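So the sequence lines, in the order shown, correspond to chains A and B.
Residue 13 in our numbering sits at position 13 of the first sequence, with consecutive numbering throughout.
With the second sequence counted from 1, adding 158 to any position gets you our numbering.
No wet-lab data here; the hints were simulated from the structure.
Mixed in with the good hints there might be a few duds.
Using C-beta positions, here's what the derived DEER-type ranges look like [said to hold, decoys possible]:
| id | chain 1 | residue 1 | chain 2 | residue 2 | range |
| --- | --- | --- | --- | --- | --- |
| 1 | A | 9 | B | 189 | 43 to 51 Å |
| 2 | B | 168 | A | 28 | 37 to 45 Å |
| 3 | B | 159 | A | 36 | 38 to 46 Å |
| 4 | B | 186 | A | 62 | 21 to 29 Å |
| 5 | A | 40 | B | 191 | 49 to 57 Å |
Sample of chain B residues at the chain A side, in silico, Cβ under 7 Å [stated by the list, open to error]:
| id | residue |
| --- | --- |
| 6 | 179 |
| 7 | 180 |
| 8 | 193 |
| 9 | 197 |
| 10 | 199 |
| 11 | 204 |
| 12 | 242 |
| 13 | 254 |
| 14 | 257 |
Everything numeric in this text was worked out from a predicted model, so none of it was measured.
Where a beta carbon is used, it is the ideal one built from N, C-alpha and C, also for glycine.
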Amino acid sequence: MLKSASLAFFLFVFWLLLSGIYEPFLIGAGVFSSVLVVWIARRMELVDAEGHPAHLGWGALTYWPWLIREIVVSALAVTRIILDPKLPISPTLVRFRPRQKTTVGLVTHANSITLTPGTISMEVAPGEFLVHALTREGAQAAADSEMDRRVERFEAGR
Amino acid sequence: MTMLIDVLSWICLAGGGLFCMVGAAGMLRMPDFYTRMHAASVIETLGVGLLLAGLMLQAGLTLVTVKLLVIGLLVMFASPTASHALARAAMVRGVEPLLERGEGASKP
């Protein structure tokens, strides 16, 4: 029930931000729509730890700045490779065991890998990732990484 | 102050455009399917990110900026999911990745 209330609250805030017109009718329509969507989502059994991971709290937010920094660093690295006349790539596949236990954690880790240029997660299963990397060094860095530890820390809600 | 924000915004917009072009050049230069995807991910991270940042600086503290942020969030969640689906579909259909010789790289 708490999850439903929280989901309705976030949906309503989202409505207010997108609408920008604050008349009684439109605000009322926003409340109605949020409640309706939550009702439908509950009927579809989508309001759970996976569909609305509100329990993650601040750990998930502090992960973002770190991830953005990683993305910038690796995007610049890939840019350097592309602009290099010799195109110094060494495509490598690497298989490793991620530390996350929950679905949200695994998806976050896999998506973070794909989001950082130079690595793509190709196979994602609990306990096994297959990652394609543009360089051999990138493949080595993907396994047992800082990213792995950080996602593990925030999926535990710390 | 407006001058400074304008200059910053134009630096972001020009930088975003530049990274989009770098990504496009990479997609042409890379040798196979998977390495081309790596080049494309420069566009969807730094390219899109800098363009959105430049537009946010132009919009200032308004609802437009919030909407641009929401677009940024959407891209950050949707693009890796799409990339993963694309790479996996290619692998399942048997597109062999071009791998570096030696080093005993494990094949799927």
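Verification of the hints:
{"no.": "1", "hint": "A:9 / B:189: 43 to 51 Å", "in the structure": "holds (50 Å)"}
{"no.": "2", "hint": "B:168 / A:28: 37 to 45 Å", "in the structure": "holds (42 Å)"}
{"no.": "3", "hint": "B:159 / A:36: 38 to 46 Å", "in the structure": "holds (44 Å)"}
{"no.": "4", "hint": "B:186 / A:62: 21 to 29 Å", "in the structure": "violated (38 Å)"}
{"no.": "5", "hint": "A:40 / B:191: 49 to 57 Å", "in the structure": "violated (39 Å)"}
{"no.": "6", "hint": "179", "in the structure": "violated (10 Å)"}
{"no.": "7", "hint": "180", "in the structure": "holds (5 Å)"}
{"no.": "8", "hint": "193", "in the structure": "holds (6 Å)"}
{"no.": "9", "hint": "197", "in the structure": "holds (6 Å)"}
{"no.": "10", "hint": "199", "in the structure": "holds (4 Å)"}
{"no.": "11", "hint": "204", "in the structure": "holds (4 Å)"}
{"no.": "12", "hint": "242", "in the structure": "holds (5 Å)"}
{"no.": "13", "hint": "254", "in the structure": "violated (11 Å)"}
{"no.": "14", "hint": "257", "in the structure": "holds (6 Å)"}
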